[in-house]
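For reference, the chains in residue letters:
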Amino acid sequence: AQTVTQSQPEMSVQEAETVTLSCTYDTSENNYYLFWYKQPPSRQMILVIRQEAYKQQNATENRFSVNFQKAAKSFSLKISDSQLGDTAMYFCAFMKRLNNAGNMLTFGGGTRLMVKP
Amino acid sequence: DSGVTQTPKHLITATGQRVTLRCSPRSGDLSVYWYQQSLDQGLQFLIQYYNGEERAKGNILERFSAQQFPDLHSELNLSSLELGDSALYFCASSVRLAGVDTQYFGPGTRLTVL
Numbered sequence: 001a002q003t004v005t006q007s008q009p010e011m012s013v014q015e016a017e018t019v020t021l022s023c024t025y026d027t028s029e030n031n032y033y034l035f036w037y038k039q040p041p042s043r044q045m046i047l048v049i050r051q052e053a054y055k056q057q058n059a060t061e062n063r064f065s066v067n068f069q070k071a072a073k074s075f076s077l078k079i080s081d082s083q084l085g086d087t088a089m090y091f092c093a094f095m096k097r098l099n100n101a102g103n104m105l106t107f108g109g110g111t112r113l114m115v116k117p
Numbered sequence: 001d002s003g004v005t006q007t008p009k010h011l012i013t014a015t016g017q018r019v020t021l022r023c024s025p026r027s028g029d030l031s032v033y034w035y036q037q038s039l040d041q042g043l044q045f046l047i048q049y050y051n052g053e054e055r056a057k058g059n060i061l062e063r064f065s066a067q068q069f070p071d072l073h074s075e076l077n078l079s080s081l082e083l084g085d086s087a088l089y090f091c092a093s094s095v096r097l098a099g100v101d102t103q104y105f106g107p108g109t110r111l112t113v114l
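Top line first, the protein sequences correspond to chains A and B. Residues in the first sequence are numbered consecutively from 1, following this note's numbering. Residues in the second sequence are numbered consecutively from 1, following this note's numbering.
Looking at chain B on its own, in the form it has when it is part of the complex (with noise of 0.2 Å):
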């Protein structure tokens, strides 16, 4: 258990739809990253969040939104969802170790658009 939580863990809905999905950091971390595992597209970033500010963004759709809360806790919006926004999304928080960041993830949460 990496200390991360993802809820929900499955999550099943229908084209065009709006899906939240929630993240709590290991405690007193205060980064929390969110990447997207889909078959063609293997793992890739999608966004950071530092202590409530976006940090750093990557291959994150207009469609996609996240924010993190003061309490640390960070959301994944989803939006106008298509077939191809199915995948495993893992969130993930960081731990500075011997000077290295270094990352732990959740279990994921699997959303399936039908």
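Isolated chain A (complex conformation) (with noise of 0.2 Å):
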């Protein structure tokens, strides 16, 4: 079984700033999937950036970057010019490869981040 590890609790930066997330996880399998979702005020789950385990470039959305450090496996986020929009709970989810068998979500604990004006 697979598991997902967000050691920050809680975080905060100021409007413009940039900010780290960090995610660690368990798991034998090889191929698989990692994604950031975060979850707002309203509750709303909003899927954030995606990376795959084979594609060693990290991936980027805009001033949304990761970095994926496999075989520490290790899913940190980066945030960059932080806005106030950006205040939310972040998840840290880990997928296995498509296959017959599901494709599941298994997430971490969360980390909830505010921004600062």
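Since the hints were made in silico from the structure, they are not lab data. It is possible that part of the hints are untrue.
As the list claims (entries may be wrong) - DSS-like cross-link-like pairs, simulated, lysine-lysine; straight-line CA separation at most 27 Å:
1. A/K55 to A/K70
2. B/K57 to A/K73
3. A/K96 to A/K73
4. A/K55 to A/K96
5. A/K96 to B/K57
6. A/K78 to A/K55
If you're wondering where the values come from, they're calculated on a predicted model, not measured in any experiment.
Got two chains here, separate frames each, mind docking them using the hints?
In structure tokens:
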């Protein structure tokens, strides 16, 4: 079974600054996918970014980028130029490569990020 | 807006009762997933359906059941409700994007058991 750990329950950052959220995972799989989802106060789960484990290049989506270290089983999220709208709970999630046994997401416990003006 | 719809948004009921949560996936998505988010258990996968058939099962109680209909909408049935079943229940549907099965979540149904 896979486990996902987010060691920072809460973080804060000043508007326009950069912040990094940590995530580590444990798996015996070699092919898998990693995701970051955000959950703002509205409680909607919103996909932020995804990474395929077989790709060495780190994924980037506008102000969001990841640092994927496969050997260390680490998948951190960097938010640049933080905005007030980035205030949310952030969840790291793991998914095994597509197979007929299902494609469920395993989530970490979340990091609550507060962006301060 | 993810394109996944869930009804109702809120549900308040009493212990011992039975409720049904409904989910309509994004157009064209064949897979539907159900997740439970509670304060003590976090976000947990319950069950997945693919084109009407059960594909995977997670930490779903025997009191809970689900199905996916021919039009691909899904229902999650919760029976003999207990206080601990109070949670936010999410449905997600998935699409293959650049080879990655990516899940998009609905707005959730907040269930309160009194």
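Right, here's what the structure says about each hint:
1. A/K55 to A/K70: holds (10 Å)
2. B/K57 to A/K73: holds (26 Å)
3. A/K96 to A/K73: The given pair, whose Cα atoms are some 14 Å apart, holds under the 27 Å limit.
4. A/K55 to A/K96: holds (15 Å)
5. A/K96 to B/K57: holds (14 Å)
6. A/K78 to A/K55: holds (18 Å)
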